[in-house]
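There are 2 protein chains.
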Amino acid sequence: MTDAVSNAIESGSDPEPAAVTFSDIEAAAARIRTEAVLTPLLSHPALNKRTGATVLIKPENLQRSGSFKFRGAFNRLNLVPHANRANGVVACSSGNHAQGVAAGAQILSMPATIVMPADAPAIKLERTREFGATVVTYDRDTEDRDAIARALCEETGATFVHPFNDPGVIAGQGTVGLEMAHQAEALGYQLDDVLACTGGGGLSSGIALALAEKVPTARFHTVEPENFDEYRRSLEAGERLSNTQKSGSICDALLSETPGDIGFSILRQLAGEGVTVTDDEALEAVAFAFRELKLVVEPGGAVALAALLSGKLPVKGKTVGVVLTGGNIDPRMLMRALEA
Amino acid sequence: MTDAVSNAIESGSDPEPAAVTFSDIEAAAARIRTEAVLTPLLSHPALNKRTGATVLIKPENLQRSGSFKFRGAFNRLNLVPHANRANGVVACSSGNHAQGVAAGAQILSMPATIVMPADAPAIKLERTREFGATVVTYDRDTEDRDAIARALCEETGATFVHPFNDPGVIAGQGTVGLEMAHQAEALGYQLDDVLACTGGGGLSSGIALALAEKVPTARFHTVEPENFDEYRRSLEAGERLSNTQKSGSICDALLSETPGDIGFSILRQLAGEGVTVTDDEALEAVAFAFRELKLVVEPGGAVALAALLSGKLPVKGKTVGVVLTGGNIDPRMLMRALEA
Numbered sequence: 013m014t015d016a017v018s019n020a021i022e023s024g025s026d027p028e029p030a031a032v033t034f035s036d037i038e039a040a041a042a043r044i045r046t047e048a049v050l051t052p053l054l055s056h057p058a059l060n061k062r063t064g065a066t067v068l069i070k071p072e073n074l075q076r077s078g079s080f081k082f083r084g085a086f087n088r089l090n091l092v093p094h095a096n097r098a099n100g101v102v103a104c105s106s107g108n109h110a111q112g113v114a115a116g117a118q119i120l121s122m123p124a125t126i127v128m129p130a131d132a133p134a135i136k137l138e139r140t141r142e143f144g145a146t147v148v149t150y151d152r153d154t155e156d157r158d159a160i161a162r163a164l165c166e167e168t169g170a171t172f173v174h175p176f177n178d179p180g181v182i183a184g185q186g187t188v189g190l191e192m193a194h195q196a197e198a199l200g201y202q203l204d205d206v207l208a209c210t211g212g213g214g215l216s217s218g219i220a221l222a223l224a225e226k227v228p229t230a231r232f233h234t235v236e237p238e239n240f241d242e243y244r245r246s247l248e249a250g251e252r253l254s255n256t257q258k259s260g261s262i263c264d265a266l267l268s269e270t271p272g273d274i275g276f277s278i279l280r281q282l283a284g285e286g287v288t289v290t291d292d293e294a295l296e297a298v299a300f301a302f303r304e305l306k307l308v309v310e311p312g313g314a315v316a317l318a319a320l321l322s323g324k325l326p327v328k329g330k331t332v333g334v335v336l337t338g339g340n341i342d343p344r345m346l347m348r349a350l351e352a
Numbered sequence: 013m014t015d016a017v018s019n020a021i022e023s024g025s026d027p028e029p030a031a032v033t034f035s036d037i038e039a040a041a042a043r044i045r046t047e048a049v050l051t052p053l054l055s056h057p058a059l060n061k062r063t064g065a066t067v068l069i070k071p072e073n074l075q076r077s078g079s080f081k082f083r084g085a086f087n088r089l090n091l092v093p094h095a096n097r098a099n100g101v102v103a104c105s106s107g108n109h110a111q112g113v114a115a116g117a118q119i120l121s122m123p124a125t126i127v128m129p130a131d132a133p134a135i136k137l138e139r140t141r142e143f144g145a146t147v148v149t150y151d152r153d154t155e156d157r158d159a160i161a162r163a164l165c166e167e168t169g170a171t172f173v174h175p176f177n178d179p180g181v182i183a184g185q186g187t188v189g190l191e192m193a194h195q196a197e198a199l200g201y202q203l204d205d206v207l208a209c210t211g212g213g214g215l216s217s218g219i220a221l222a223l224a225e226k227v228p229t230a231r232f233h234t235v236e237p238e239n240f241d242e243y244r245r246s247l248e249a250g251e252r253l254s255n256t257q258k259s260g261s262i263c264d265a266l267l268s269e270t271p272g273d274i275g276f277s278i279l280r281q282l283a284g285e286g287v288t289v290t291d292d293e294a295l296e297a298v299a300f301a302f303r304e305l306k307l308v309v310e311p312g313g314a315v316a317l318a319a320l321l322s323g324k325l326p327v328k329g330k331t332v333g334v335v336l337t338g339g340n341i342d343p344r345m346l347m348r349a350l351e352a
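Protein chains in written order, with the working numbering: chain V, 13 to 352; chain D, 13 to 352.
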């Protein structure tokens, strides 16, 4: 195995993180254009009334595979040299990254193997298989998923696609910000603040990069679940800090342990104030999206909306972009939100 | 009371129905532009794959008040002379028309009184009141809602807004078709077929009129629930026929008794083949919209999608526009769809 693969799997700790530039995002936009959904930029009177702001919603739950993850995965897979594509792709994920990689690989006719915990929700295993991927399950308590992925890559020559600490993935996710900037401009809006949920920081750093180029006056804010606010704390401390908890939030899409070094190196320069929301606030946002916006959003995908609804960031009178990142929610979780 | 009000309340049976023209739709578009949501025209790989067509989705569930009804109501209210506006507006509806009229009247600071059955779902009564309307309830078995509305209009000089048989309402709903035509063209698509659910025919006739002008090669199709297919039968017979059933479908938004004469006079010239779907097919479409499209759609709002998913209209290889008309669904009904 090459060092590159090893580094990729181990989530990266290079002293000099790989660079991602705005032109990488533009190139990614051209690459994914024919296959990704150009999600609209929505507004809704009920949300404007509730917040006192002009809120522009980027609904990535309407994206292919149900979340923004398709963008980064498909861009990254396009960067695999043609000669290596038949060797396939490997990813570790129990959620949206799994579906994004599987959907992208299917389009490029690349074999995809996704390493998923054996106790992952049946619906997620099933949807990943529906996109044509082979699912390899592991026992969370006794097995090391990275070792499994590493062995698969060594055996087959497959490319490992990290969920966030990869320049190609970050550039792909950055197309969310690029589109938002173009769409807001076309509608005649000047963005003041932009919020997105933050796990490892792939999406957030990509959006922040795109905004820095296209709308330099807009301020980007990370939004995280309470107790999983490694970005907020790391940005304050000026160094990458880890979460002590590894589980215990319903925002399963956002439970990364430590900021990726590439994303962190971008966000420490470009991010504004970090925001955290509670699980109850995330659930309220899921319910608001259902009742008022008529959008299906999962808890982790609703935290940026939760930050607005809970008043965690003062936005009255401002023009605010908010990303709804995914809609792969279990119906029982939706019911819990609606009954709260 | 004037004859006009009387005719309006009695759903119209003029030998010469009032005319609606394309320029009325253009005027409506200009009138509602600042207050209505310009809903996007979406596409989704999962729907294209399932149907073998290029499907363009007009999601009116994302509209202000949760359905397209706001368009027609707000346009109609704008046509009330300024001198009469303080007298208010009256409408009869247990559902989306109630919310559309209430939301429109609130913007224009017109008092709104909505006549609703006492046994209407609590959520619908509540939402109508949230838009500032006064709700007057009646007993379905013993009281005549039209008589109540008539008395209210006589008493107060209020304007009655019919849910579908009114040129101003039809012109407002027609903006759905006008927007779809513009948006499809901007995306480089040539529409072959367009489907929308059909109750009294306000939306359908408005869309058909807009398409006849903007995309004359596109064919418009009515979609109705089984046993409530008065339009399909009336169009075949060449005269307005009534349904024998008055209840018994979950598509509560579509249980009108007889085609409106204005809508019928338009659709008999412009509509293609009528399609009917079963309640189970509507529920499957609700579930598909939730799982794949991540959109919240009510059964009546999903029948046009149901027509596509069930293969009732041959669309393989074609470019098809489909309107999702509303998203005001009870969570229990959604669960029923997801468990089916």
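Just so you know, these hints were derived from the structure itself, not from any lab. Predicted, not measured: the structure shown is a model, and the values here were computed from it. Ideal placement from N, C-alpha and C gives every residue a C-beta, glycine not left out. Worth double-checking, as some hints may not be accurate.
[Unchecked claim] Derived CB-CB ranges, DEER-like:
| # | chain 1 | residue 1 | chain 2 | residue 2 | range |
| --- | --- | --- | --- | --- | --- |
| 1 | D | E138 | V | N96 | 57 to 63 angstroms |
| 2 | V | E155 | D | R348 | 47 to 53 angstroms |
| 3 | D | R45 | V | A159 | 45 to 51 angstroms |
| 4 | V | D131 | D | S254 | 53 to 59 angstroms |
| 5 | D | N239 | V | A98 | 42 to 48 angstroms |
| 6 | D | E138 | V | G200 | 30 to 36 angstroms |
| 7 | V | A224 | D | A198 | 47 to 53 angstroms |
| 8 | V | R348 | D | I135 | 15 to 21 angstroms |
Checked hints:
The supplied range of 57 to 63 angstroms is met by E138 (chain D) and N96 (chain V), whose beta-carbon atoms lie about 58 angstroms from each other. The hinted window of 47 to 53 angstroms between E155 (chain V) and R348 (chain D) is violated, with their beta carbons roughly 40 angstroms apart. For R45 (chain D) and A159 (chain V), the Cβ-Cβ distance of about 59 angstroms falls outside the hinted range of 45 to 51 angstroms, so the restraint is violated. A hinted range of 53 to 59 angstroms holds for the C-beta pair D131 (chain V) and S254 (chain D), which are about 56 angstroms apart.
At roughly 55 angstroms, the beta-carbon separation of N239 (chain D) and A98 (chain V) lies outside the given 42 to 48 angstroms, and the hint is violated. Look at E138 (chain D) against G200 (chain V): about 35 angstroms separates their beta carbons, and that is inside 30 to 36 angstroms. A224 (chain V) and A198 (chain D) have their C-beta atoms about 29 angstroms apart, which leaves the hinted 47 to 53 angstroms range violated. The supplied range of 15 to 21 angstroms is met by R348 (chain V) and I135 (chain D), whose beta-carbon atoms lie about 18 angstroms from each other.
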